[in-house]
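Peer 1: With these hints in hand, go ahead and build the complete structure from the sequences.
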Amino acid sequence: MRVYLFFFLSIIGGSGVVLGQKQANIWYFGNAAGIEFSTGVPRPLFDGKIDAFEGCATICDDQGNLLFYTNGGGSSTSNTVNGFREGMIWNQKHEPIYNMSDTAGGGYSATQSALFLSKPDSDDIIYLFTMAQLNAQTPAQPDGRGLSRFEIDRSKNNGLGAVTLADERIFTPAFEALSATVQANNRDYWLVCMDENTFNFAVFPVTENGVGAPAFYPTGIAPGAISNRVLKISPDGKYLAMSGRLYAFDKATGAVQFIQELSQLNSYAFSFSPQSRYLYSATGFFGSLIRYDLEAPDIEASMETIASLFNSIWVGLIQIGPDGNLYFLDQDLDFFENHLTGLDVIKCPDAENPVVQKAILTFPVDTLNEVFVGLPNFADHIFQHITFEVAINSGEDTLRVCPGEWPVLDAVYPEGSYTWTTGDTTRQIQAPGFGVFGVTVTSFCGEVATDSIWVKNMETDETLPDQIETFCAGDTAFLAPPITGNTYLWSTGDTTPMLAVTAAGQYSVTVGEGCVTTTVPFLVTFSAPPEITFSGGSAGEICPGDTVSIVADIPPGVSVLWSSGDTTRAIRATTPGIYSVVVADHAGCFEVMASKELVLGENCCEIQMPNAFTPDNDLLNDVFRPLPMGCDFVKYRLRIFSRWGKMVFETTDPTAGWDGNLKGKPATGDVYVWTLDYEVESGGTFSKKGELVVLR
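First residue of the sequence shown? That's -15 in our numbering, and the numbers climb one at a time after it.
Think of the hints as simulated: they come from the structure by calculation, not from any bench.
Watch out, some of these pointers could steer you wrong.
What the hints assert, rightly or not - List of simulated lysine-lysine pairs, BS3-like, C-alpha gap at most 25 Å:
1) Lys673 / Lys647
2) Lys103 / Lys140
3) Lys33 / Lys6
4) Lys6 / Lys235
5) Lys673 / Lys619
6) Lys77 / Lys33
7) Lys672 / Lys630
8) Lys103 / Lys235
9) Lys77 / Lys6
10) Lys630 / Lys673
11) Lys33 / Lys140
12) Lys140 / Lys6
13) Lys619 / Lys672
14) Lys77 / Lys103
15) Lys630 / Lys647
16) Lys222 / Lys235
17) Lys6 / Lys222
18) Lys630 / Lys649
19) Lys222 / Lys103
20) Lys140 / Lys77
21) Lys619 / Lys630
22) Lys6 / Lys103
The model shown is predicted, which means the values in this text are computed figures rather than measured ones.
Peer 2: See below:
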């Protein structure tokens, strides 16, 4: 005889296990009730705004942060049980982003009123599907609202999301039941509900392009033969269960095929286990918790009782949690009298000996009208590959500490057995020194995971590169290191985080943080206006046709602007006049102007340049040379180039000229280019160029 344990516990606090199914990390349901799983055990939340009787849905991002939640729809004033209720979609700040009132979306009392799916191949778009409740049709909606779709763009409204498509009617008439699973391509979905007219399954493909046309498969149930409509698809996508019946489901095609009836399978409170081996169910009022083994040769005969629900008036929808356990709301008779609803858990549901714990959390119910029985609806394929992992100190790989300040290492998982590499067997240990420390954790359900952490010596004495600081002359400079610490010691003896200086020079500060010291050197300079001098054109004269180079002698790291518009240190002047330059530093400390005047020279060196010659040895115009007048050359260079840029002649002798020969042979009659660079004793460097023609 197999023995099962039934615990009456209330688990609070504790640190967490790393959960693989972060999209289901937070649940909101019922009358402002909620739970979150980031600590490894469900922790109650009371910050939600939800108002739901049965169906509801929640979705988180891949890190487990809340995105949206909804009750799926409202109810009208004609609803004698619930009265008027508004259907609503809330964002992560619990702000409503869409009000369905009682005319849009699904139904307040639909068992599976809502379901979120991330749009395939999209990071921002969320599909929300809603389902109508039975017997809530109105004259304006004789077939009810059936299956409807909303789209939410989570990038809108500064990341808080906005509804971009509202209440798109997909299919009517359909009521109560709504489920989905991923297709065989692991990208798109199958969305399943029931055609109320025929009681056939309606299976819709859901892709990045929206919802496709449905295919219909028989349920084997006559129209109107059942009142409860709850659909569950196994996490592996191989089975579908509804109304006491088990079906085969094909993830590749969406096809549904009847397998058999299961006599004790409740049509309301049931769920597959995460590994899809077992199908759990509550048998009814004051009943039992049972399960079927779907791998057994005779599934019906495999039914076994897991626990007695001897005091339960009502057992709500059973839902897989991100920790791999099954959860359901239990309206226990004692709790009911005290206006409470309990959250029960089936731990290790895929193990040989599952454990049931009753009322691990309780939620207040003020009045009979505020009783709630539904947990959020999920596409259960997200729970197929739940992994058990541990993370010492919530995932830190390295801890740097000072000698003697040994940290506490926490295996985090609250419900397991522990074996540390130190030999300790407690959840927490104090590191005995520096080194790598590991832990092996065996979970409540017998799963094993390991993690390690490196405790390193923080003690260091580091010197950073020079911090080069430039300030304006006359100002007070305030020096501050790029790091913070507990102590500061400047080279001046000061012990403040910031130092005021008025003199250029080398400074340093040693910053202390525990056993870590860091020295930060500073090189301080003050930017003062330079004295501008000029070189080139020193005689201050320019002759007609000459080009004079004027150079502003200035320090580096400044900007230059000449009156000519030039921005270089040197300019070339061709006419008499005043040439001004403005020099400024990039820090805005100074802006200085100076001028250089060029006047027309009185004793100008004039050079005439022939534009053609005839090197034919007739002693007339046989050599090309400049004809200077009044020129006392200090430097002189004449060069002649072919039209292709090849130099054919060069001399530094003012008396020499070109005889028209190239390498001892007559050059081709053509147009050539000459350049003449020279400097004269009176001052000034000049450049000229022009063309000449060799005539033959």
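Peer 1: It remains to establish, for every hint, whether it holds in the given structure.
Peer 2: Evaluated hints:
no., hint, verdict
1, Lys673 / Lys647, "holds, 23 Å"
2, Lys103 / Lys140, "holds, 16 Å"
3, Lys33 / Lys6, "holds, 21 Å"
4, Lys6 / Lys235, "holds, 23 Å"
5, Lys673 / Lys619, "holds, 16 Å"
6, Lys77 / Lys33, "holds, 10 Å"
7, Lys672 / Lys630, "holds, 18 Å"
8, Lys103 / Lys235, "holds, 18 Å"
9, Lys77 / Lys6, "holds, 18 Å"
10, Lys630 / Lys673, "holds, 15 Å"
11, Lys33 / Lys140, "holds, 21 Å"
12, Lys140 / Lys6, "holds, 22 Å"
13, Lys619 / Lys672, "holds, 14 Å"
14, Lys77 / Lys103, "holds, 22 Å"
15, Lys630 / Lys647, "holds, 13 Å"
16, Lys222 / Lys235, "holds, 7 Å"
17, Lys6 / Lys222, "holds, 23 Å"
18, Lys630 / Lys649, "holds, 16 Å"
19, Lys222 / Lys103, "holds, 23 Å"
20, Lys140 / Lys77, "holds, 14 Å"
21, Lys619 / Lys630, "holds, 23 Å"
22, Lys6 / Lys103, "holds, 17 Å"
Comparing the model with each numbered hint stated earlier shows that all of them hold.
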